[in-house]
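Undergrad: Protein chains in written order, with the UniProt record's numbering: chain A, 1 to 328; chain B, 1 to 328; chain C, 1 to 328; chain D, 1 to 328.
For the record, the hints were derived by calculation from the structure and aren't laboratory data.
One or more hints might be untrue.
As the list makes no split between identical chains, a pair holds if one copy fits it or if it spans any two.
[Said to hold, decoys possible] Taking lysine to any residue and the SDA-like style, the derived pairs with C-alpha atoms no more than 25 Å apart in a straight line are: (1) K35 with T289; (2) K67 with V242; (3) K7 with K310; (4) K6 with D324.
Given the structure is predicted, the values throughout are model-derived calculations rather than measurements.
Protein chains: 4
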Amino acid sequence: MSKNIKKIGVMTSGGDSPGMNAAIRAVVRACAYHKITCLGIYRGYQGLIEGDFEEMNARSVHHIINKGGTILKSARSQDFRTQEGRAKAYENIKKANIDALVLIGGDGTFTGGMVFNEEYNFPVIGIPGTIDNDIFGTKFTLGYDTALNTVVDAIDKIRDTASSHNRLFFVEVMGRDAGHIALNAGVGSGAEEILIPEENLGLARLLESLERSRKSGKSSSIVVVAEGDKTGKNVFELAEYVEKNLPYYDIRVSVLGHMQRGGSPSCYDRVLASRMGVKAVESLLEGKTNYMVGIQDDKMILTPLDQAVKGKSEIDKELLKVSDIMSI
Amino acid sequence: MSKNIKKIGVMTSGGDSPGMNAAIRAVVRACAYHKITCLGIYRGYQGLIEGDFEEMNARSVHHIINKGGTILKSARSQDFRTQEGRAKAYENIKKANIDALVLIGGDGTFTGGMVFNEEYNFPVIGIPGTIDNDIFGTKFTLGYDTALNTVVDAIDKIRDTASSHNRLFFVEVMGRDAGHIALNAGVGSGAEEILIPEENLGLARLLESLERSRKSGKSSSIVVVAEGDKTGKNVFELAEYVEKNLPYYDIRVSVLGHMQRGGSPSCYDRVLASRMGVKAVESLLEGKTNYMVGIQDDKMILTPLDQAVKGKSEIDKELLKVSDIMSI
Amino acid sequence: MSKNIKKIGVMTSGGDSPGMNAAIRAVVRACAYHKITCLGIYRGYQGLIEGDFEEMNARSVHHIINKGGTILKSARSQDFRTQEGRAKAYENIKKANIDALVLIGGDGTFTGGMVFNEEYNFPVIGIPGTIDNDIFGTKFTLGYDTALNTVVDAIDKIRDTASSHNRLFFVEVMGRDAGHIALNAGVGSGAEEILIPEENLGLARLLESLERSRKSGKSSSIVVVAEGDKTGKNVFELAEYVEKNLPYYDIRVSVLGHMQRGGSPSCYDRVLASRMGVKAVESLLEGKTNYMVGIQDDKMILTPLDQAVKGKSEIDKELLKVSDIMSI
Amino acid sequence: MSKNIKKIGVMTSGGDSPGMNAAIRAVVRACAYHKITCLGIYRGYQGLIEGDFEEMNARSVHHIINKGGTILKSARSQDFRTQEGRAKAYENIKKANIDALVLIGGDGTFTGGMVFNEEYNFPVIGIPGTIDNDIFGTKFTLGYDTALNTVVDAIDKIRDTASSHNRLFFVEVMGRDAGHIALNAGVGSGAEEILIPEENLGLARLLESLERSRKSGKSSSIVVVAEGDKTGKNVFELAEYVEKNLPYYDIRVSVLGHMQRGGSPSCYDRVLASRMGVKAVESLLEGKTNYMVGIQDDKMILTPLDQAVKGKSEIDKELLKVSDIMSI
């Protein structure tokens, strides 16, 4: 075990996701277990620059494992993109005797960490916290499983009213660059069609598919659309286009929005967060740095941060086919 | 008991709401209990015109008490607005030997029933099924309580992410003419401000209130806006206006949309539906017609349909004051 | 407004129930609104005796409206049953300059308050917080609506497995003295039979009813049993008795237990708590004492504490009949 | 593709689990997609013996992906354990021209399938459906993820009341032979101690751990106990033993029971079921038999049925350690 690490700072940064609190709890308790000090850093890199720290012990984090959001707050820091900002941050870190950082967040968070590590040779470990599941080096990111349940729960409700009225619904879900949420929640909610940025179905084939769906005797249809899908300009124009071309459809649009980021984390996300928090602290204590903790084949793994940032979390082709078969 | 009523038809019409299935079940079972026949009419008045009927017994409605939507489907019928349409409906009713109708729906549904009753002197009883709670003659409509829980659950999730980022959220909820959902779900979710059609707060006072809220040290704010609120042109322009005038706020908009209409009904709505279904059938058997079943002081009451349609379900002034006090 | 009341203490006592936190929040904010001080008293009467107080302002209670349990903790105090205990409590009250108390709890809590009021002529107002809904003077107690939803949600799950296996389930729910939960959740979950303390169905009629239910073609049966029901010695012996007499039934027992007391409060309970908290504070400010706040016909009312304690919250006979009709 | 397979039978057998309906749907739709006929077999092997079949098409399974239980019902068949029973089953299969079977269930189901395959050289493929996650050859069984969420949701509610009263709760969860649910839901709900059949903690160390927990300042404690744990004779005697030895604890017991088997499946279980159903049908079409479909590293795999039955699904040692660290 590394003798040099006596105090670890932990922060959440970027968009929040369910399970971040569980990860904070795990980092804090793993520190307590290994008898080192843990400092909570508020509002991500911005709090690092402003020295907004608070010492945390095992009791500080009780009853947060099941809470959405992050007790450490999150922010996107413009200042940290400047050398002056990072210098200020390093100064605060030295003053507070912090020996290493655990960074909970996404791509942007990790990029910040890498730059900081490079400039100051300062030990950092990342934990992937984002509902989008778009991080290379881990099969699942924190909050993704919870978001999927939130989305299918919402679409189940929409299905009730859709099938009572024989309607066609376009439901937009999060995922600016990745279709993981749309594809999985689409299959999970029995969507008739799923539109994701990774595959451009094209408007012609969408109409065709909806025609076929109607002829097969379906009483209602749900089309799940990822935020970043390129089939239409946006979900509203997409709906308008379909309405014009398939006039027998009574069409509605629903944008699920920010509720997808919140809520009490699922059991899976709580356990994953606990495992990742422990792994992050123990990796730092073993002298590792510049890695992201991930899960692969249900085991904790480490991926260099630069690979995590550069790599792409591919969509599951087999699931695309399953989706096709299911919407027959 | 009226000897004339041997067969009752039941339908759902207009927008669907959670609890409609529980009400159908109650009507069917109350018929079975009183040894009369029950016919399910599909797609509201449209099914009446098309003769889309199905006999239902106690077993036909098992396992639907907890399902959202309506197994009888719903529709808005243009044809029923014409004399020809209603004549066709009456013909089908006579052919099927239906002696009376139970109409589950809202204002439009009841208006249709009144006209039909007037023209053909045909016995009808209404059950108020709408999430908006905007029907005179009942303290609660079917689906309202469920919708409130759906809304507070969604806003709880939004609050997670709002308070992690110190954000201001505008959340639009259903209620084109009535602020019941907005007011109650707003108080229930601890909203900082609630905008409803019944009260025009005005843009100036909204800004003032948000300023005060920020100064009081609140880390995040939720403004609940009823669909029919007139403070801004719509929730997006409202948000834009505030963003322009209070630039330190990071503002987001969320339109909850159709998920509010779906979902498994709450216990309250299931019990209310069961009581209303029984009351509707027994009222018909007692020879009553042209009434709506309602609940007042936790007791079943009857209100003449024309009063139900003309009257207004007032917003609770005391609750407006409670809301003010709570957002201090 | 009473000039004498400048500081109000608030406590939760007895069994906890969802909505207690929302009520604490409402009391604290109503005090802030009326510019008087509010002290939180920990662990009910025990905390009063031990002087375990903490000043609370509007911000102290943020983000608790949706949390189950009580941030002030609860306890049953043996010491407060003694004159010495109450004398010690009064001493602490004087020392802390508390002018009046808001007591959130059930019968036991109110009895304690009445004795204290009698001995020291000290202003107290009660808020009924218990899931059992067994308090006279209010149509609904805090937590009751939430508990109903928790129970029907659990029974919905049990129904899934019951009907997959054609099983008979006995489900015990809370309610030692009152059948409100059993009756309403029973109707809400479509139970075939409901056993409550207020009505002794008798073993013979239970067997008869279950026989009839089986013959009517039902694929599964749920019997909801209130804790305090007297049909059998307890739910396990009841199940055994039925198994012996109706051997073709595959019987299971489920005791829902303490999860019924927890969980995020429903919208109804949150709004009710907010209204009751405001009413309690404003009643004290108007010089009222020794009352319990209640809801009747959706309006806030006051009932003298001794009536609240002595009276009985009757079961709804009409609902019993609805239950019979529904289980046809 | 195997030309011999033109008709596939699908059944659910043994204890039901959430996701079984989604798997039935997937099998039926995969058959439709590959243009072969699908027969639903009711009540597992018993229905096979009684010839209780029904042809299913893509529309027969709409709106069941989100329903708990199994529309094909389940049963444990004594008759199928006899040669006569299996002979009768084979006769029915021949009469109905069924070419292969998809068996959704657990160990017992697969053993039955293996014997049948051996005796009649009849193609079978298994899908692991059980909440216990105790099947070798798959990382996750259908229903396990949903059950975990049900359990943590229930324990979250119990935690509310536990921490309001500073109580110690023993919560028994399902798992007669395996501690997967207890361990994962225990970590997920922040349990102070987790007792599983795979590890005998011993009464002495349990007392020790609870003492330590109390001294560390915890206000409440949850001990999650797997049904099959051997530390005490059962959870009630365990609680009694602790109460006798640690008298300052106010102890309660809660047995979660059958609600763990029900409920709407999580998104994960719905997607897993969809993938497994497709894989099962396509494996049969490729001429494979006597395999179980499983998931490993998020990919579909096949395991010979005899290995699936004989093998053991090991508990995750790393997670045991995480659990220790988290309960510091």
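Undergrad: Kindly indicate which numbered hints from before are broken by the structure, ordering the numbers from low to high.
TA: 2, 3
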